[in-house]
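Visitor: Sequence:
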Amino acid sequence: MDPSPAAAEVAGGFDVPLYASLAELFEQDRPDGVILATPNQLHVDGGLECVEAGVPVLVEKPIGDTVESATKLVEAAEAARVPLLAGHHRQHSPIMAKAREIVQSGRLGAIVAVVGTALFYKPDDYYDVGGGWRREPGGGPILLNLIHEVNNLMQLVGDIISVQAVTSNVTRGFPVEDTAAMIFRFANGALGTFMLSDTAGSARSWEQTSQENKTYPTYEDEDCYHIAGTTGSLSIPTMRVKIFSGPRSWWEPFDTSTESLDRADPLANQVEHFAAVIRGQAQPIVSGRDGLNALRVTAAVTEAARTGQIVHTGLSTA
Numbered sequence: 001m002d003p004s005p006a007a008a009e010v011a012g013g014f015d016v017p018l019y020a021s022l023a024e025l026f027e028q029d030r031p032d033g034v035i036l037a038t039p040n041q042l043h044v045d046g047g048l049e050c051v052e053a054g055v056p057v058l059v060e061k062p063i064g065d066t067v068e069s070a071t072k073l074v075e076a077a078e079a080a081r082v083p084l085l086a087g088h089h090r091q092h093s094p095i096m097a098k099a100r101e102i103v104q105s106g107r108l109g110a111i112v113a114v115v116g117t118a119l120f121y122k123p124d125d126y127y128d129v130g131g132g133w134r135r136e137p138g139g140g141p142i143l144l145n146l147i148h149e150v151n152n153l154m155q156l157v158g159d160i161i162s163v164q165a166v167t168s169n170v171t172r173g174f175p176v177e178d179t180a181a182m183i184f185r186f187a188n189g190a191l192g193t194f195m196l197s198d199t200a201g202s203a204r205s206w207e208q209t210s211q212e213n214k215t216y217p218t219y220e221d222e223d224c225y226h227i228a229g230t231t232g233s234l235s236i237p238t239m240r241v242k243i244f245s246g247p248r249s250w251w252e253p254f255d256t257s258t259e260s261l262d263r264a265d266p267l268a269n270q271v272e273h274f275a276a277v278i279r280g281q282a283q284p285i286v287s288g289r290d291g292l293n294a295l296r297v298t299a300a301v302t303e304a305a306r307t308g309q310i311v312h313t314g315l316s317t318a
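Residue numbering for the sequence shown follows the working numbering, beginning at 1 and increasing consecutively.
Rather than coming from a laboratory, the hints here were simulated on the basis of the structure.
Here the structure is a predicted model, which is why all the values come from computation and not from measurement.
All residues carry an ideal CB built from backbone N, CA and C; glycine is no exception.
Do not take every clue at face value.
The following label-pair restraints were derived from C-beta to C-beta distances [claimed, not checked]: (1) E220 with A6: 17 to 25 Å; (2) E78 with A113: 30 to 38 Å; (3) E75 with G130: 25 to 33 Å; (4) Y126 with I310: 37 to 45 Å; (5) E220 with A282: 26 to 34 Å; (6) M195 with A80: 21 to 29 Å; (7) E24 with L267: 25 to 33 Å.
Straight-line C-alpha distance at most 30 Å; calculated BS3-like pairs for lysine-lysine [to be verified]: (8) K214 with K98; (9) K122 with K242; (10) K242 with K98; (11) K242 with K214.
All chains, full assembly: derive it from the sequences and hints.
Guide: Rendered as structure tokens:
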């Protein structure tokens, strides 16, 4: 389904039907599921059309462009019992699966600190797409990129219950932020810091360290997350683990190891999982509500940067 003039050529190339709208699709056909990859501001309306039609839907992140509208979609899907999945594909990554396993095993002890980075440089023509909407508020790295990081960290450490943040747009000079610094408080008491910039000459981002998207150059010796507990720490995605073997002290050496990974494409895994959900063989790994929770945190970051205050996310406190 695509209303753009270029859609006919694409549909013809793949020899598939073409519909100008979801309404036309549902009038003429009955898809098993819908992957909604429209611009952010159309996610909720398209998702609601799918829910009303009773069709399972995988909505690209963010699940909505505002918390209020996304809540409407999530509650509608839950009430109708129509599967609603959020497109946080990294949750289907073997790296994340191994990291969750290590954290949940207790090998690191109680988690006390998280350090994260998403530092990269988007080319200048990135901001020319679609009439330049990425130069305006809502088109910057907080909503488009940070939401992936927030979802990852909450899957590893738990709910983020409050945030502090400062942003800057000095480098690019657009109305939208290009750099942000954040402090997160997690429900379990852990604290986290996160640096985000789309104008930084750095490789400390998931895309440039995970080796999962081959269109990016990758740097195998770099990490983008570091999770520290009372007995050890984990660096991601190098999967380097340091654990105290004896007394816990900065005078004592660590046992150091690197966890092995069976690599796979998380996007392919996500589509396979969606098919299993459609067939009734699985429950969503990343539900619409999970997507909503990540959106709540990014909205809190924006508000904290605007006001200079600590902003509570409304997520759990225990």
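Visitor: Of all the hints given earlier, name the ones this structure violates by number, lowest first.
Guide: 1, 4, 6 and 9
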